[in-house]
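Chemist: Quick mapping for you: the protein sequence lines, in order, are chains A and B.
Numbering-wise (my numbering), the first sequence opens with residue 1 and increments by one.
Numbering-wise (my numbering), the second sequence opens with residue 1001 and increments by one.
Possibly wrong hints are sitting among the right ones.
One side only, chain B facing chain A, incomplete, derived with CB under 8 angstroms [unchecked claim]:
# : residue
1 : G1016
2 : D1017
3 : A1029
4 : K1037
5 : N1097
6 : F1101
7 : P1111
It should be emphasised that the hints constitute simulated quantities derived from the structure, not laboratory data.
Source: prediction; values computed, not measured.
Just so you know, even glycine gets a beta-carbon here, dropped at the ideal spot from N, CA and C.
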Amino acid sequence: NAGVTQTPKFQVLKTGQSMTLQCAQDMNHNSMYWYRQDPGMGLRLIYYSASEGTTDKGEVPNGYNVSRLNKREFSLRLESAAPSQTSVYFCASSTGGGSDTQYFGPGTRLTVL
Amino acid sequence: GENVEQHPSTLSVQEGDSAVIKCTYSDSASNYFPWYKQELGKRPQLIIDIRSNVGEKKDQRIAVTLNKTAKHFSLHITETQPEDSAVYFCAAGDGNNRLAFGKGNQVVVIP
């Protein structure tokens, strides 16, 4: 049972480039989340998917898009990367249906030059 | 939306002493309060959680207390050890599949 996995672990982009961060979970969870973590800012929610087929904006959605590909996979896309998107990105999942424990992936460290 | 604040931002304790971190929340509808520990370069990991129908929960050296009237909850770590050094995040959930996180507390255990 791998839990929540993310690829890649590290990425360096130039301003204006695009990329997709991948996330998968094998816990049969309904809900999945994307957060970014910046120093002193805690974990800020970018987008989430309460269940397969639905996605909703979180606290900081601008500059990002998401796709809930199936129950297992939830991807985050940066269409035109900006230096302000330099951050550590965490994917998480939970059983859903209310207030539930979220389990985090190992994170992706993204630098935009 | 929910606003969660943590105090203090940094806490230094001598090994063997106790550490207490307090969080306040704004939404009285919140009913789930987890605590996560994040070591340097690692993912946040759940260490303990509490639901609104319970006032206190313990797990070995860690405990969480909840005061719904005052809208605050606290993490208590007893007999601190060097491996307790980490950033601790509190969060509040209102049953809508989302958690609001605090900004984190750096705990440093001095050997």
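Chemist: Work down the list of hints and note, for each, if the structure agrees.
Modeler: Hint-by-hint comparison with the structure:
1. Interface hint status for G1016 (chain B): violated, as the beta-carbon distance to the closest one in chain A is roughly 29 angstroms, over 8 angstroms.
2. At its closest, the beta carbon of D1017 (chain B) sits 26 angstroms from a beta carbon of chain A; the interface hint therefore is violated under the 8 angstroms criterion.
3. Hint on A1029 (chain B) is violated. Least Cβ distance to chain A is approximately 10 angstroms, over the 8 angstroms limit.
4. Hint on K1037 (chain B) is violated. Least Cβ distance to chain A is approximately 11 angstroms, over the 8 angstroms limit.
5. Annotation: interface hint on N1097 (chain B) holds; nearest CB of chain A at approximately 5 angstroms, less than 8 angstroms.
6. Interface hint status for F1101 (chain B): upheld, as the beta-carbon distance to the closest one in chain A is roughly 4 angstroms, under 8 angstroms.
7. Given hint, P1111 (chain B) at the interface with chain A, is violated; its Cβ is 26 angstroms from that chain's nearest Cβ, farther than 8 angstroms.
This entry does not satisfy hints 1, 2, 3, 4, 7, going by the numbered hints stated previously.
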